[in-house]
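Enquirer: Please arrange chain S on chain E, whose structure you already have, making use of the hints.
Letter by letter, the chains look like this.
Number of protein chains: 2
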Amino acid sequence: MKPVQLVVVGSIGLDTIETPHARKSEILGGSVSYACAGASFFATTGMVGVVGADFPEPCVDVYRQFGIDLKGLQKAPGKTFRWSGVYEQDMNNRRTLATDLNVLGTFMPELPDDYTRAPFLFLANISPELQLHVLSQVKSPKFVVADTMDLWINIARKPLMEVISAVDLLTLNESEARLLSGENNLIKAARMILGCGPKYVIIKKGEHGAMLFSKSGMFIVHAYPLEVVHDPTGAGDTFAGGFMGALSERGDVNEAAIRKAMSYGSVVASFGVEDFSLARLQNLSRSDIEQRHEAFRALTHLG
Amino acid sequence: MKPVQLVVVGSIGLDTIETPHARKSEILGGSVSYACAGASFFATTGMVGVVGADFPEPCVDVYRQFGIDLKGLQKAPGKTFRWSGVYEQDMNNRRTLATDLNVLGTFMPELPDDYTRAPFLFLANISPELQLHVLSQVKSPKFVVADTMDLWINIARKPLMEVISAVDLLTLNESEARLLSGENNLIKAARMILGCGPKYVIIKKGEHGAMLFSKSGMFIVHAYPLEVVHDPTGAGDTFAGGFMGALSERGDVNEAAIRKAMSYGSVVASFGVEDFSLARLQNLSRSDIEQRHEAFRALTHLG
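Protein chains in written order, with our numbering: chain E, 11 to 313; chain S, 11 to 313.
Do not rely on the hints blindly, as some may be mistaken.
Identical copies carry no separate label here, and so any pair may be met within one copy or between two of them.
No farther apart than 25 Å at their CA atoms in a straight line, the calculated lysine to any residue pairs in the SDA-like style are these [stated by the list, open to error]:
| no. | residue 1 | residue 2 |
| --- | --- | --- |
| 1 | LYS225 | GLN75 |
| 2 | LYS225 | PRO13 |
| 3 | LYS215 | HIS303 |
| 4 | LYS209 | ALA305 |
| 5 | LYS198 | ALA305 |
Rather than coming from a laboratory, the hints here were simulated on the basis of the structure.
So here's chain E without its partners, still in its complex pose (with noise of 0.2 Å):
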């Protein structure tokens, strides 16, 4: 096998979803799960996380489906973590109906020993402190990125800071950069977040793309626009995770670099929100994304 190119940690659920179209039971979900999908079609991945003795074996199957290095993946004896949620019609927001962190809440992230040597290393959005306990973990990656949310601003903002002032670029959505910085106007919060260490600032903005900051400047990337948008569950991790994949395929990190794998990561993000769970990455082909990705460019070329 490929030694693993990108290692992501993150979380594990099953969640239960109501959209105004449709509801879905039990179905597979969890940061880790969208960034390790997203990712698996550029670069060999290693998927840390934890399940419960209730994790359904066909969902083990869909991870080795994409391709995805398991050796991380721990089972422990409980029942897997459970998120529910309703969308509104307006889709871009939803209400949590429930979170039952079982498994999750005991769970200590261990790294296989050749993932310590791995160059990408992505924490998707899981607490602070098992964020930090990967850090430990690892010798010199190339490249570290993490997620977060607005409860880890809320209750952990030590340890996130932590987090946030050792890696090389930070993604958040609109409101959590407002919240983290208290700075209402995107550019100033990205300012602040920089000041406190990262490299790169990812503001994801959901339907309207992403925006891009460093110390030299600014980069935003439109979202590929939908006809139809089935779940938008998912949709930030699996942005990060094509964006990361893209990003270790490529090798060497620089803003070019960074802003081609955004495009990418944009691209895949707006498949996966066309069906619930992974269903439609799993029909998805590398020349599926290269093709909408041209489209992408087109969609977006000023002439």
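Expert: Just chain S now, with coordinates in the frame of chain E:
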């Protein structure tokens, strides 16, 4: 004087605006003011609008300073149109406090003879009945664009549909596109509107940019990201004015020209919101615009 390339009809108002940072009383505003100012950097622009006897002479001087042709500017007995509104902390949200139509209530736009032969016509936001009255006066213009607002969709849908069926391009914002079409998804909304007649639809998304739809496809353009926005009033009008000016300057209309013109509209609008009323535009040169247009290109270059 050069022949008028672009005619713009719309409202002229004295606005009282409160933002989280400042309050300005009775400043020059209205759709035709912003649109003509935006267009004036690119094309000889004729203004069709009405003011009351109380309209301050310095405001007319502002129009002259932009080189706007004022043969179509009527002065009527009575008071000038007034609008007042207040912006929330998130300046994407605003509330109208008062609207006093005054002379706008009995306005009947009449085109000076040479305006009827101008190749480009922009029907800025004003009642669809008045837009139709202007349309009845023009002699085979090359390209006609109309803007509208939620009010007319709600109270004057029938004449508005007549306008839509008669123009080449309709511009409106996201929520208006949803209201007009009954479709939440913007691609579906645009397709429904295209089915009513125009060759193009531009959906304006404020700080998230704008989308162009035609029978042959789609194009998306960002808004130029700003660190400080002093007053978003009129941004959509300035965008449309800059767009129509750039298109008129080029002369021939095709999708590549429209894309390029949208990027200029976006850039001019980004300057407009940096100050109240037309203040920033009054201190703007064509080379400032070209410089930011270059920066805009770099900012969105996929690499």
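Enquirer: Each hint: holds or not?
Expert: Taking the hints in turn, this is what the structure says about them:
1. For the homomeric pair LYS225 and GLN75, neither the shortest alpha-carbon distance inside one copy (40 Å) nor that between copies (39 Å) is at most 25 Å.
2. Proximity of LYS225 and PRO13 under a CA criterion of 25 Å is satisfied in neither setting, with 33 Å inside one chain copy and 48 Å between copies.
3. Taking identical chains as interchangeable, the C-alpha atoms of LYS215 and HIS303 lie at most 25 Å apart whether they share a chain (19 Å) or sit on different chains (23 Å).
4. Taking the closest pair of Cα atoms, LYS209 and ALA305 come within 25 Å of each other only across two copies (21 Å); inside a single copy the shortest separation is 30 Å, beyond that limit.
5. In this homomeric assembly, LYS198 and ALA305 come within 25 Å of each other (Cα to Cα) only across copies, at 19 Å, whereas the closest approach inside a single copy is 32 Å.
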